[in-house]
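Q: All chains, full assembly: derive it from the sequences and hints.
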Amino acid sequence: MRWTDLPTALVISLWGYLLYAGIGGLCDIKAQHVPGYPASGQIILYAGVPVLALLLLMGAVVLSRKARWFYDLYPFTMGLVAFLIFPVLMFWGGGV
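When the letters of the sequence shown are read in order and numbered with the numbering used here, they come out as residues 14 to 109.
Don't read these hints as lab results, they were simulated from the structure.
The beta-carbon is built from N, C-alpha and C at its ideal position, and this holds for glycine as well.
Please note that a few of the clues may not be correct.
Derived Cβ-Cβ restraints for the label pairs, each shown as a range [to be verified]: (1) V75 - L97: 18 to 26 Å; (2) L19 - A44: 32 to 40 Å; (3) D85 - A34: 27 to 35 Å; (4) L86 - V64: 16 to 24 Å; (5) A44 - W82: 41 to 49 Å; (6) G49 - D18: 38 to 46 Å; (7) I56 - R81: 36 to 44 Å; (8) A80 - I42: 34 to 42 Å; (9) G92 - P48: 38 to 46 Å; (10) K79 - M103: 32 to 40 Å; (11) I57 - W82: 28 to 36 Å; (12) P20 - H46: 26 to 34 Å; (13) G37 - Y84: 30 to 38 Å; (14) G107 - G72: 27 to 35 Å.
A: Put into structure tokens, the structure is as follows:
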């Protein structure tokens, strides 16, 4: 096991949970049949951002395994995507 496998699995699982919870929340909002909800901003925040983060993470994992030049950038990429969880959670919880 490489030293980055455990942190990568943790970050992927956090983003995966945000996607799971976001889709569940969007389904609950849709079930209330309120006109105008879910709004496009809600769809982007609760489903689009986690999907984008997961795609970036999976691309980084594949690229780090295939491209030798990316192997040195891999920890930076993982740290950046892990750090992006905090601003998303601030907006997710209604903060700011």
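Q: Check the following: the C-beta atoms of G37 and Y84 are separated by a distance inside 30 to 38 Å.
A: Taking Cβ atoms as reference, G37 and Y84 lie about 36 Å apart, which means the hint holds.
Q: Indicate whether the distance between the beta carbons of I56 and R81 respects the range 36 to 44 Å.
A: holds, 38 Å
Q: Within 27 to 35 Å or not, the Cβ separation of D85 and A34?
A: holds, 34 Å
Q: Indicate whether the distance between the beta carbons of V75 and L97 respects the range 18 to 26 Å.
A: Holds: the Cβ-Cβ distance is about 19 Å, inside 18 to 26 Å.
Q: Just tell me: holds or violated, for the beta carbon distance of G107 and G72 against 27 to 35 Å?
A: Since G107 and G72 have Cβ atoms about 31 Å apart, the given range 27 to 35 Å holds.
Q: Mind checking the hinted window 38 to 46 Å against the Cβ distance between G49 and D18?
A: holds, 44 Å
Q: Taking the beta carbons of L86 and V64, is their distance inside 16 to 24 Å?
A: holds, 22 Å
Q: The hint says 28 to 36 Å between I57 and W82; measuring C-beta to C-beta, is that right?
A: holds, 32 Å
Q: Could you say whether the range 41 to 49 Å given as a hint is met by the Cβ separation of A44 and W82?
A: Cβ of A44 to Cβ of W82: about 48 Å, so the range 41 to 49 Å holds.
Q: Should the hint that A80 and I42 are 34 to 42 Å apart at their CB atoms be regarded as holding?
A: Holds, since A80 and I42 (Cβ atoms, about 41 Å apart) stay within the stated range.
Q: I want to verify a distance hint. Is the separation of the beta carbons of P20 and H46 within 26 to 34 Å?
A: violated, 42 Å
Q: Does the beta carbon distance between K79 and M103 stay inside 32 to 40 Å, or does it fall outside?
A: holds, 34 Å
In summary, the one numbered hint that this structure violates is 12.
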